[in-house]
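Asks: Chains as they are written, first to last, in my numbering: chain A, 1 to 338; chain B, 1 to 338; chain C, 1 to 338; chain D, 1 to 338.
There could be a bad hint or two in this list.
If chains are identical, the list can't say which one is meant, so a pair holds when it fits in one copy or spans any two.
Straight-line Cα separation of at most 20 Å, SDA-like style, residue types lysine to any residue; simulated pairs [to be verified]: (1) K8 - G38; (2) K169 - E24; (3) K169 - V226; (4) K169 - G192; (5) K169 - H135; (6) K169 - D133; (7) K8 - Q31; (8) K8 - F289; (9) K8 - R40; (10) K169 - H157; (11) K169 - D121; (12) K169 - I130; (13) K8 - P282; (14) K8 - P190; (15) K8 - D128.
If you're looking for bench data, these hints aren't it; they were derived computationally from the structure. For clarity, every value in this text was computed on a predicted model and none was experimentally measured.
4 protein chains.
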Amino acid sequence: MGVPMTAKLFLSDNAAPCHPRLWEAMRAVDQADSPYDGDRLSQAMDEAFSAAFGRECAALWVATGTAANCLALATMVQPHGGVVCHREAHIEMDEGGAPGFYLHGAKLLLAEGDNAKLTVDSIRAVVDPIRDDVHQVQPHAISITQASEYGCAYRPHEIAAIADCARAKGLRLHMDGARFANAAAFLDVPAGEAAGSVDALSFGVVKNGGMNAEAILFFDPALADVARYRRKRAGHLQSKGRYMAAQLLAMLEGDLWLENARAANAAAAEIAASCGDRLMRPVEANELFVRCNAAERDALRERGFAFYDWGGDAARFVTAWNSRQDDAMDLARAISGL
Amino acid sequence: MGVPMTAKLFLSDNAAPCHPRLWEAMRAVDQADSPYDGDRLSQAMDEAFSAAFGRECAALWVATGTAANCLALATMVQPHGGVVCHREAHIEMDEGGAPGFYLHGAKLLLAEGDNAKLTVDSIRAVVDPIRDDVHQVQPHAISITQASEYGCAYRPHEIAAIADCARAKGLRLHMDGARFANAAAFLDVPAGEAAGSVDALSFGVVKNGGMNAEAILFFDPALADVARYRRKRAGHLQSKGRYMAAQLLAMLEGDLWLENARAANAAAAEIAASCGDRLMRPVEANELFVRCNAAERDALRERGFAFYDWGGDAARFVTAWNSRQDDAMDLARAISGL
Amino acid sequence: MGVPMTAKLFLSDNAAPCHPRLWEAMRAVDQADSPYDGDRLSQAMDEAFSAAFGRECAALWVATGTAANCLALATMVQPHGGVVCHREAHIEMDEGGAPGFYLHGAKLLLAEGDNAKLTVDSIRAVVDPIRDDVHQVQPHAISITQASEYGCAYRPHEIAAIADCARAKGLRLHMDGARFANAAAFLDVPAGEAAGSVDALSFGVVKNGGMNAEAILFFDPALADVARYRRKRAGHLQSKGRYMAAQLLAMLEGDLWLENARAANAAAAEIAASCGDRLMRPVEANELFVRCNAAERDALRERGFAFYDWGGDAARFVTAWNSRQDDAMDLARAISGL
Amino acid sequence: MGVPMTAKLFLSDNAAPCHPRLWEAMRAVDQADSPYDGDRLSQAMDEAFSAAFGRECAALWVATGTAANCLALATMVQPHGGVVCHREAHIEMDEGGAPGFYLHGAKLLLAEGDNAKLTVDSIRAVVDPIRDDVHQVQPHAISITQASEYGCAYRPHEIAAIADCARAKGLRLHMDGARFANAAAFLDVPAGEAAGSVDALSFGVVKNGGMNAEAILFFDPALADVARYRRKRAGHLQSKGRYMAAQLLAMLEGDLWLENARAANAAAAEIAASCGDRLMRPVEANELFVRCNAAERDALRERGFAFYDWGGDAARFVTAWNSRQDDAMDLARAISGL
């Protein structure tokens, strides 16, 4: 068990180390303070995130992206309702059934879409045929992922169209932003535009240099009021929450979150440039899906690269805030030399 | 908001700073490693805790005591069952309904007992009248708290009697050990004796100098197998779990957990010695429940002591691993001078 | 198994036969019609119950009182909330944990009160100490039982006071009316006054001569909209619902529900008149709680009376719509002759 | 609202009247008896169904097929698990999310298969790719429908293959038998062979001439023990259960269930014989899926036939135990004359 420390790591951004400025921020709160979210930093989060997004929001910390997504959705979806999401969304594929738990049995309604992105058409293909009767689960919300599971970014106009669709149908809109920073960095627009008018955003930090803190941003205060109770009820109200608040505020400070994401994106772009036809998806964040067969993957691994197979003749490479320029260039060369 | 930093803090051990040796341990794992619990330290936990308890166990980290308690109970109790616990147990009073969430609506069956400790008699007073029919919720488990909500320790023979009772009735036995270290230090017996033959133990660290890690120890591997799925499903499987594992292993290393608890207990004992008749409960851990009226509490606060009122003419003082000798002596003098 | 058919039955009203006029009404719908609640009679229920209660309501059929209570509460209480009810309420004591299931783990908050009736004071004794923070389960609703578990009726002014209290605290109000008919008959006021301004009423029919139908009346249409989805989701939307609608409408027709309740109440009153000091509770419906020791109970059973022991030196006798005058007089004589 | 009484009804078997012999049986239990399932008939069900199936089973009544399916599955599937079922299964499409409710958020894992029937291959296509790790919902059971949603029957060897597959993978096997009678009649094999070695069967009666009773048969007594608690907890333990037991036993008596199903199947076969190429599915029970365009459907409706559109150029016709020979012949002629 464990990853060989000598490897050139492109397995996932979810295991990278914690950024030094977050360590400093955590150290700075290492004295007794009010427990739970009563400390000064936890109390400062609403203002800091509202400023960053140019829009009033309530910001709650939690330890994981799964908790962030599911707590956000639990405020929007009644137990007898459903959530429209992409067939390959994280909440459907990788959260061990957490939405079923947090939403008390509400259902995920699976939609299609290239590159794991929903469109108004793909949403309507799911929602429109649902009869408004009690025999079928009615949608209560839509969840989109920025950047998507395949590392692709929703453009502001795409989000706006989906938000309009949601409003027209009386649905709430959630954004899973586990890699929101990478999308925002790619789009090169303000945070508020990369989020659009969603009702809640899971603002990811762990994959972007954090240790163990994510933020849930609620742009409707009524949802935040429910979420505070649900967070405690889910065992996610840490008594020393200030160590999480410290991470989150340090990320916002001087736009460290964007700086980290840009570094990861740049490494990915460098590799992408050498992949040519092998690229299976546009590279718009820090993930590369690369066509290569078993022999080729073996060859790459022999040269010290660590990454995941991705079904059939494919490999996934993920860069992180700390990906070394050298390693990225090595990988680029190795792929083009296959 | 926030606690005045100049106060002499006896509010709670749940907001104390993180112990330096835990910081070191966390720093030592600050490079990429396998995510979730695949890293070297997470994988070492079973062995380390088995050694500490002299009994084979599976050890899982989670971030909070509420998650630890509720995940443990969720492996023991079916949704249509119940858990016998004390009327003032943390799971009943202070977890925001988390047992109802994690146990899918199973019921807490409330029993009496001095100093918030259950006895075989108080358990039987709840369980025996329950008819074995489908109209009444049947007990599936018992949960006891070591040390209790009033800072009192179960003696090994008391636990043994309750465990016998549980076995005789086909019930599982869980121990909430948010302050297990304080109880073990007070009892001055090996960890395994302070736990007795429970099926699972929530081994508390956050109140004893941890940052954000607790351990759930399962002495029956079948329960741990279920818990792993439930932990993920509850959003408690952190991707950088190694920072939690580091805290937990550092606590075991050189019995730091006992050292910290002894320090907190000693401070409490020092204060207790000056309380005389004012003591409302035996002081067997790091909590003092002290009779004093509003004027007396005001007087203490004016002298810089921070603590909670505890209903009527009572105050609660809690010491921590880092309580300063000076502050404890000051408080002792202040109380005896009332 | 089974009750000796020769016994004089005072066990419970929940096992009495079905009233002939309900049989007729069921027969009358014994041809194909729209399934679920699309048939003519199901569609007529709102109007019929609104007329009976002098107040606009939506009426849904379900098969059991447990389903009625829990579906009603599920529309009022979020999963992280609580319901104030009497410590001896049916939802707490006799529904096998159904509230935990239907309310997704919400909590019953137990209050005191003579004769199993809540009062404003007993409600406030539970609700007022609950801090408005996330560590404690917040009340979302109050549930009262008309007539109470001890067969006692809330007077209209008592309900009004509780309803005012509920409104002042932002809580919904539910009434379990498993024996609502008996209470209304006793109070001799219009149905609407016996219900007061509750948000929902479980209108009991099974204990009053029905076969297998109860009504949930929602006086707020928004609650009914949720309930329709929850009813289907709970497997309580029968495809041949017309047989239930027929029972319910037949009960309203010519006030059969009151006629049946008056008959049961009269039998109870007859027995009560002979009980003297033995009566442990006021007899305001169709239940008698009678002090009598084991020898006395044996003597009664030898004379052919069937009834339940009720803990200690007590017996419970329940009359029903079809209780025979002879049997009631026999029992009255037998008790006075003890 | 309501169906025109003059129509020739092929809408659904779920709204047909109740068979006269069931009325008689219900009348015969119309005197006070032990409540819930303590009466003589409820107690006789295990033996009667064991005899009918040639295999020991425990038989529980409930009012609806949704409750039968979901209670059965709730005994087999932990909240963190999943159920493999067909993409068009009733539990997925038509039960308003009831499986999410009863199974506490467990997930339906959707498989393919012609005519809404699963095969070992289609099951393995879903199950085999699921990694045995906590990030993905693990299957705990398989649910098949006899006859399928498209009225097609599993042959005994097909069930045996699926049962072998289930056992090999450690999964439980459930059969939704809403139209089990129609399948058994079509297969012309003993009940036990039409069910195969499933762990539980939802034995449908309502669509086959019942009023409001279905049976859940558990071939493993441990599952039945859990189901009894869950049934009460779901509000499905009727106090006058004898009226349901009477229906179920009357159905078994003299194989009325098969007689009714044969009548419905015969009517369907008569119509099918005239459909030629229009038949979209084999007719192996009492449902016909017939290709016909909007104009043709209008023409049929003008001639007095009531039926459902089935998406695109299709119509569904369902016969019932009481379908009149005349009406079936009329419909056959009308279709062949299109």
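Asks: If a hint holds in the structure, say so; if it doesn't, say that too.
Replies: Verification of the hints:
Proximity of K8 to G38 under the C-alpha cut-off of 20 Å is restricted to the inter-copy arrangement: shortest distance 18 Å between copies versus 42 Å within a copy. Proximity of K169 and E24 under a CA criterion of 20 Å is satisfied in neither setting, with 46 Å inside one chain copy and 46 Å between copies. Proximity of K169 and V226 under a CA criterion of 20 Å is satisfied inter-copy only: 18 Å between copies versus 23 Å inside one chain copy. In this homomeric assembly, K169 and G192 never come within 20 Å of each other (Cα to Cα): the closest approach is 23 Å inside a single copy and 38 Å across copies.
In this homomeric assembly, K169 and H135 come within 20 Å of each other (Cα to Cα) only inside a single copy, at 19 Å, whereas the closest approach across copies is 32 Å. When the C-alpha separation of K169 and D133 is checked against a cutoff of 20 Å, the pair qualifies only within one copy, where the shortest distance is 15 Å, while the shortest distance between copies is 34 Å. When the C-alpha separation of K8 and Q31 is checked against a cutoff of 20 Å, the pair qualifies only between copies, where the shortest distance is 12 Å, while the shortest distance within a copy is 38 Å. Taking the closest pair of Cα atoms, K8 and F289 come within 20 Å of each other only inside a single copy of the chain (17 Å); across copies the shortest separation is 56 Å, beyond that limit.
In this assembly of identical chains, K8 and R40 lie within 20 Å of each other by CA distance solely across copies; the values are 18 Å between and 40 Å within a copy. In this assembly of identical chains, K169 and H157 lie within 20 Å of each other by CA distance solely inside one copy; the values are 18 Å within and 44 Å between copies. In the homo-oligomer, the alpha carbons of K169 and D121 lie at most 20 Å apart inside one protomer (13 Å), although the nearest pairing across protomers, at 39 Å, exceeds that limit. When the C-alpha separation of K169 and I130 is checked against a cutoff of 20 Å, the pair qualifies only within one copy, where the shortest distance is 12 Å, while the shortest distance between copies is 34 Å.
Taking CA atoms no more than 20 Å apart as the test, K8 paired with P282 passes in neither setting, with 23 Å inside one copy and 58 Å between copies. For the homomeric pair K8 and P190, neither the shortest alpha-carbon distance inside one copy (33 Å) nor that between copies (45 Å) is at most 20 Å. In this homomeric assembly, K8 and D128 never come within 20 Å of each other (Cα to Cα): the closest approach is 47 Å inside a single copy and 31 Å across copies.
The structure shown violates the earlier hints numbered 2, 4, 13, 14 and 15.
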